[in-house]
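Engineer: Each chain is listed here by its residues.
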Amino acid sequence: MRIAVASGKGGTGKTTVATSLALCLAANGGSALSPAGPPLLLDCDVEAPNAHLFLRPSWEAVWPVGIPVPQIDPAGCTACGRCAEVCAFNALAILGSGVQVFPELCHGCGSCTLACPEGVITEVVRPIGVLRRGTAQQGIDFGHGELSIGEPMAVPVIRELKRQVNARPGQVVILDAPPGTSCPVVEAVRGSDFLLLVTEPTPFGLHDLRLAVEVGHALGLPMGAVINRDGIGDDSVIRFCENEGIPVLMRIPFERAIARDSALGRTLLETHPEYAPRFRELAGDILRQVEGAR
Amino acid sequence: MRIMITTTKPEFDSPVDPNFGRGAYFVVVETNSMEWQAYPNPAVGAPGGAGIQAAQFVSEHKAERVISGDFGPKAHQALMAAGVGMYLAGASASARQAVAHLEAGELERLGGSPRQGSKSGN
Chain P
1 MRIAVASGKG GTGKTTVATS LALCLAANGG SALSPAGPPL LLDCDVEAPN AHLFLRPSWE
61 AVWPVGIPVP QIDPAGCTAC GRCAEVCAFN ALAILGSGVQ VFPELCHGCG SCTLACPEGV
121 ITEVVRPIGV LRRGTAQQGI DFGHGELSIG EPMAVPVIRE LKRQVNARPG QVVILDAPPG
181 TSCPVVEAVR GSDFLLLVTE PTPFGLHDLR LAVEVGHALG LPMGAVINRD GIGDDSVIRF
241 CENEGIPVLM RIPFERAIAR DSALGRTLLE THPEYAPRFR ELAGDILRQV EGAR
Chain B
1 MRIMITTTKP EFDSPVDPNF GRGAYFVVVE TNSMEWQAYP NPAVGAPGGA GIQAAQFVSE
61 HKAERVISGD FGPKAHQALM AAGVGMYLAG ASASARQAVA HLEAGELERL GGSPRQGSKS
121 GN
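Sequences listed follow chains P and B, in order. Here this note's numbering is used: position 250 in the first sequence is 250, and no number is missing along the way. Here this note's numbering is used: position 87 in the second sequence is 87, and no number is missing along the way.
Source of the hints: derived by calculation from the structure; they are not laboratory data. Any given hint might turn out to be false.
SDA-like mimics (lysine to any residue), calculated; alpha carbons at most 20 Å apart, straight line [to be verified]:
#1 B:Lys62 to B:Ala38
#2 P:Lys162 to P:Gly108
#3 P:Lys162 to P:Cys109
#4 P:Lys162 to P:Pro57
#5 B:Lys62 to P:Gly98
#6 B:Lys62 to P:Glu85
#7 B:Lys62 to B:Ala81
#8 B:Lys9 to B:Leu88
#9 B:Lys62 to B:Gln77
#10 B:Lys62 to P:Thr78
#11 B:Lys62 to P:Gly96
#12 B:Lys62 to P:Cys80
#13 B:Lys62 to B:Thr31
#14 B:Lys62 to B:Glu30
#15 P:Lys162 to P:Arg2
#16 B:Lys62 to P:Ala79
#17 B:Lys9 to B:Val28
#18 B:Lys9 to B:Ala100
#19 B:Lys9 to B:Phe57
#20 P:Lys162 to P:Ser182
#21 B:Lys62 to P:Gly81
#22 B:Lys62 to P:Ser97
#23 B:Lys9 to B:Ser94
#24 P:Lys162 to P:Asn50
Pulled out of the complex, with its shape left as it was, chain P reads as follows:
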């Protein structure tokens, strides 16, 4: 089972929920909630990964990740312009008497290589980030990606993280998605069995929740909501969820102690163990919804 945790709005508590859900599943490893033992948590927010600050994994491997970009042999190039024509991202241009490549715009699709009539394009991997894999407390398998500073494209790093850091058979996977609703979020949550949306009961939270729900609908995912900072704002998020048929699976109150402990880099379950039964319920509700959707 793959559970994606997303939000739309940033800073609503995705990582708070994802890390404590992972700890809950680890504590219930071997039960129906997490039959294959502790889960795998993938921090897909490669522009600002932070789940490791809470789960403190010991890293077992770190390796580069990149995208294939064109390299042109000027000796055989006739500057015919086919490569620039087929590039959807303007990563190649005919300038003066030759082709200029702008690697930071290249999405690595390979169209130019296929289109070149002279066969003078080879592809070289340009590193844009790293992937890391390790083991965190209670045997949680942990992976994350980190996009290099100045690189604009998060999607290839997320794609490779999901492709290269694999779950054991039957292991539950928790994907901590980036904020927003654009390509990196879609890449993180696609292929999941359930989309858990963490929101806050404010007009801003509602605005971005609407967008995130549209993404969930477009991908055909069963969804549930967690309302964080419960007690502030108004009830418009609750009413929206009711109208959309999205169950509110948990509420976390707006409390100074929770904020303080989170700022110290500690998980909600560690500092507030009274939440353990509520996370178990959350995991159970998700499992039932996923099984109901199958």
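Following the hints, position chain B against chain P.
Structural biologist: The following block gives chain B in isolation, referenced to the frame of chain P:
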């Protein structure tokens, strides 16, 4: 000499468009005859890399110099590669006036290293 200017309208007397990559039009002028022609900028709606595509358009028209309000870092790199001189329109009120200022040596020419900074490519 052939000069291209980014303009907001397809006319030689149009104001200079302050953007290079996403300027609305290019006016191409032959300074010997002062004959000109306007073209819509093919890069204006590009999802990304507009400066590069616009630079390729300038290169295709074999302009030796280009005048605009500003040039982004990728456009700068592309125009350098194409060997096209970049000039800032400054206070010029129209494309025609900008060309006159250029010929009088009154426009700032951009040099070797581009401005820093890059926009997201998602």
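Engineer: Of the hints stated earlier, which fail here?
Structural biologist: Failing hints: none at all.
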